[in-house]
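The lines below spell out each chain.
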Amino acid sequence: MTLLGLTPAAAWVLLAGVAGLVLLLYLIKPSPRRVAVSSSLIWQRVLKQRQRKPERWRWWVSLLLALAIGLAIALALTRPELAAVAGSADDVLIVVDTSPSMGARGADGRTRLEHAVIEVERIAAAAGGGSRFMLADTTHQIGAPVFAPREAVGARARALLPAAAERAWFPDLAALPGLRAQRQVWFVTDGVSPVQAPAGARTVSVFRNAENVGITAFDVRAAPGDPRRHDAFVQIGNASAGNKTVQLRVAGVGGEPVDRSLRLDAGASANVVVDISGLGEGPVRASVASEGDGLALDDVAFGFLPAKSRVRVALVTPGNPTLARALRMLPRVDLQLLPPGRLAGISGFDAVVLDRVTLEKPPGLPSLLIAPRASAWLGRAGGELADTNVAAWDASHPLLARAGLRDVLIERVQPLRPTEQGGVRLSAIARGPQDEPLMLATREGPRIAVVAFALEASNFAQQPSFPAFLANTVNWLTRETGAVPHRLGQVSVPAKARVLDLDGAEVATREVPGGAVFEARRPGLYTAMTSTERLRIAANLLDPRITAVNASTLAATPPTAPPARAGIAARVDPWIVLLAAAVLLLALEWWTYNRRVTL
Amino acid sequence: MFTDAFLRKLDVLALAARNRAHGQLRGTHRSRRVGTGMVFADYRPYAEGDDIRHIDWGIYLRMDRLILRLFEEEADQPVYLFVDSSLSMDFGQPNKLDYARRLAGALAYVALLNHDRVNVSSFAESLGDMLPTRRGRNQAPQVFRFLEGIEARGRTSLSAAMRRYFAAPRTRGLVVLISDFLDPAGLEEAIAVLRRFRHDVALMQVISPEEIDPQLPEEAVLVDAEEGSATEVEITPGLLEAYRSTFERHAQDIESYCRKYGWGYARALTSVAIEDIVLKMLREEGLLR
Chain B
0 MTLLGLTPAA AWVLLAGVAG LVLLLYLIKP SPRRVAVSSS LIWQRVLKQR
50 QRKPERWRWW VSLLLALAIG LAIALALTRP ELAAVAGSAD DVLIVVDTSP
100 SMGARGADGR TRLEHAVIEV ERIAAAAGGG SRFMLADTTH QIGAPVFAPR
150 EAVGARARAL LPAAAERAWF PDLAALPGLR AQRQVWFVTD GVSPVQAPAG
200 ARTVSVFRNA ENVGITAFDV RAAPGDPRRH DAFVQIGNAS AGNKTVQLRV
250 AGVGGEPVDR SLRLDAGASA NVVVDISGLG EGPVRASVAS EGDGLALDDV
300 AFGFLPAKSR VRVALVTPGN PTLARALRML PRVDLQLLPP GRLAGISGFD
350 AVVLDRVTLE KPPGLPSLLI APRASAWLGR AGGELADTNV AAWDASHPLL
400 ARAGLRDVLI ERVQPLRPTE QGGVRLSAIA RGPQDEPLML ATREGPRIAV
450 VAFALEASNF AQQPSFPAFL ANTVNWLTRE TGAVPHRLGQ VSVPAKARVL
500 DLDGAEVATR EVPGGAVFEA RRPGLYTAMT STERLRIAAN LLDPRITAVN
550 ASTLAATPPT APPARAGIAA RVDPWIVLLA AAVLLLALEW WTYNRRVTL
Chain W
0 MFTDAFLRKL DVLALAARNR AHGQLRGTHR SRRVGTGMVF ADYRPYAEGD
50 DIRHIDWGIY LRMDRLILRL FEEEADQPVY LFVDSSLSMD FGQPNKLDYA
100 RRLAGALAYV ALLNHDRVNV SSFAESLGDM LPTRRGRNQA PQVFRFLEGI
150 EARGRTSLSA AMRRYFAAPR TRGLVVLISD FLDPAGLEEA IAVLRRFRHD
200 VALMQVISPE EIDPQLPEEA VLVDAEEGSA TEVEITPGLL EAYRSTFERH
250 AQDIESYCRK YGWGYARALT SVAIEDIVLK MLREEGLLR
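One line per chain: the protein sequences are B and W, in this order.
Here numbering that gives the first Met the number 0 is used: position 532 in the first sequence is 531, and no number is missing along the way.
Here numbering that gives the first Met the number 0 is used: position 180 in the second sequence is 179, and no number is missing along the way.
What the hints contain is simulated information worked out from the structure, not anything from laboratory work.
These numbers come from a predicted model, not from an experiment.
Think of the CB as a built atom: it goes at the ideal place given N, C-alpha and C, for glycine as much as any other residue.
Mixed in with the good hints there might be a few duds.
[Stated by the list, open to error] Under 10 Å between C-beta atoms, here's a sample of chain B residues computed to sit facing chain W:
| no. | residue |
| --- | --- |
| 1 | P31 |
| 2 | R32 |
| 3 | S39 |
| 4 | L46 |
| 5 | L408 |
| 6 | R411 |
| 7 | Y592 |
[Unchecked claim] With the Cβ distance kept under 10 Å, some of the chain W side facing chain B (calculated, not the full set):
| no. | residue |
| --- | --- |
| 8 | A46 |
| 9 | D49 |
| 10 | I51 |
| 11 | F90 |
Given the sequences, and given the hints that come with them, work out the whole structure.
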């Protein structure tokens, strides 16, 4: 027998306490009331004739009945389990795949997640009496899984939503609180998500074929060579079993939406470039529509069309033709080269790029500092490093949006130290293998970005990401940033940022160390605002693996059915039997008491 | 003690004697003596000295013999009223002793109306207060005052009271015992005394509803009003049923004694109005006419 409600020690204490209490109540029973009668003559005759029941025997019967009732109730509270009676009492962990593909609606009109809820209820119904149930999901909507009664599992499962997450994974069984070794682990999935169940887990497939056409990539870009022109790049995939006619619409602010119609073969994808120069600065929404589409989450994508005005940028350098050429290639930039000697009193520029220049104090203009010399406000961290690379970077920072640094190699560099000198708070946005800061940028206040290494001491200028980095930097320094692309799920924003969606409704945020996060559950353009800056985040699904809703590893596998239970009797939990026994004993006690069998 | 209306109803009643009256004074009851009554009794030959007004002249003319007509003489009847004043009578609602007082008062009033000699006594462990013989309607207030003065005390000993009362010579008459008859010694000895003197006897058993159907807690200590003894009892439906049947048997035993010796018996439940007892039950029982 196992006890689910209490530890064995606590259960013994409870049972002993109840028994003691019952016994005490019997021992301190009040004495009978004195009643005057005219004469005890008749009573004496009655008592003489009538054999009186042995009081002690009746007392014991009463006591035993009361003890049985009390102990039955107390034992029920401990929720005991008898495998022989009600099936084995297991810990049943049910993990529901809540990846976006679970929102795909099949031919029966139900989503895979709705089928998953049915399966969850089946599993719960089939489990042995007294089993404990824990529900978890792969996108961590249930933050801290806890045990729930059988009846509550279905309701909890119904609260789950298909959701994208930065990373989806199967919960760590060892980290789940109180999960015993005697357990069943079920994974209810459509098999599309790459999440793998651990060994021993039983997978229940809810895969059903679904029709789906979705946007798998979306970007808003300036046309090369003409900063006044912008294109929207849309990639559309058809994951349906048959050909589809797809209606594409790209809409924005201040102009007519652009509509395209295209036909996609089964499994095919198409790249569409749409000229959106007719639209004004603001959100851009791309949407696709096709007949019988089963997944809405990938049918829309959002971007942001930035302002198209030109900016004046000064490059202060002892000589760096590569950098000058790269800056000149940026569509909106009017570049002016200045020698380091003219740095003092520089003004009239939207942004300044300082290449290998010594600054005794923070610059007064938005600036990009490349390989600055050490000064009082900008310190070095350790000695010079040789032959290193960028090991980690913050892709959520506007400077590094779409600018991968994986292949950047650095011959020599003097790592910088994050600082808060002079009212400038620089924090690392790219680090080396030893966690040494290689790039810094402010997140609040004056906009200053620092690259610790010189361009000629690295291959950064030769990387494809360099123009994107420069464009991001200029946009950021001139406060003309586009939207930071982000996947659906948890999005990091600066601390105390207020996040609004496209309709102006505030989105709940959660403070975490170093900032805050919010959940982007549906595609949208979100705006995170602090007292000093405004950050636009285009949260989209844009995942071909999810759009391919029929690419399931379980497609060929017949659905696994949870085992049926032995019989109706096995559905009765022992604690219910105990409570029923207590009720019956109470009725018996009432009956015997009223017939003066018991005291 | 009674309302005028009730007393007016009593005016038409009389105590019915089962035996011939043995009273010495003229009354309303038939007696064994022959004399100047109204009821023809017998014939006998005329003897010298007989009252010639009773000679049947018709017989003399037919048979030429002097035959005398005899008439039953009507006498009064001694009525001995005994009221149980033991502590067991001081019980119930209405109070049994109070009820017994009123019952005795009603019977005494009827007897006085009919010129019977009324003796009223209370008894408990022994003979209690005694009211000297009263006769005539005008004595009723004294009888009522005496009855109102009876107080409850002591245990019940019917035999002791009877022995003591009838130790003195008493004219044979009607003995009315008003009691609950909860006498541990039983009735036999008292009955033997009454039988020895061949009195006409009527027993009136005063019963409280609480005695017939006691309302008791499930566990109780019963305290005897007379003895003061305590008996712990667990009241079960079976025990209550046994009590009820034993009590009923006790009453039936008393009634059986009465029937056996041709005595009158009446069960006076205190929940029944005294008027109903006197005007209906006692008439039906033949104690009143």
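Structure-based check of each hint:
no.	hint	verdict
1	P31	4 Å, holds
2	R32	5 Å, holds
3	S39	4 Å, holds
4	L46	7 Å, holds
5	L408	98 Å, violated
6	R411	102 Å, violated
7	Y592	9 Å, holds
8	A46	60 Å, violated
9	D49	59 Å, violated
10	I51	64 Å, violated
11	F90	4 Å, holds
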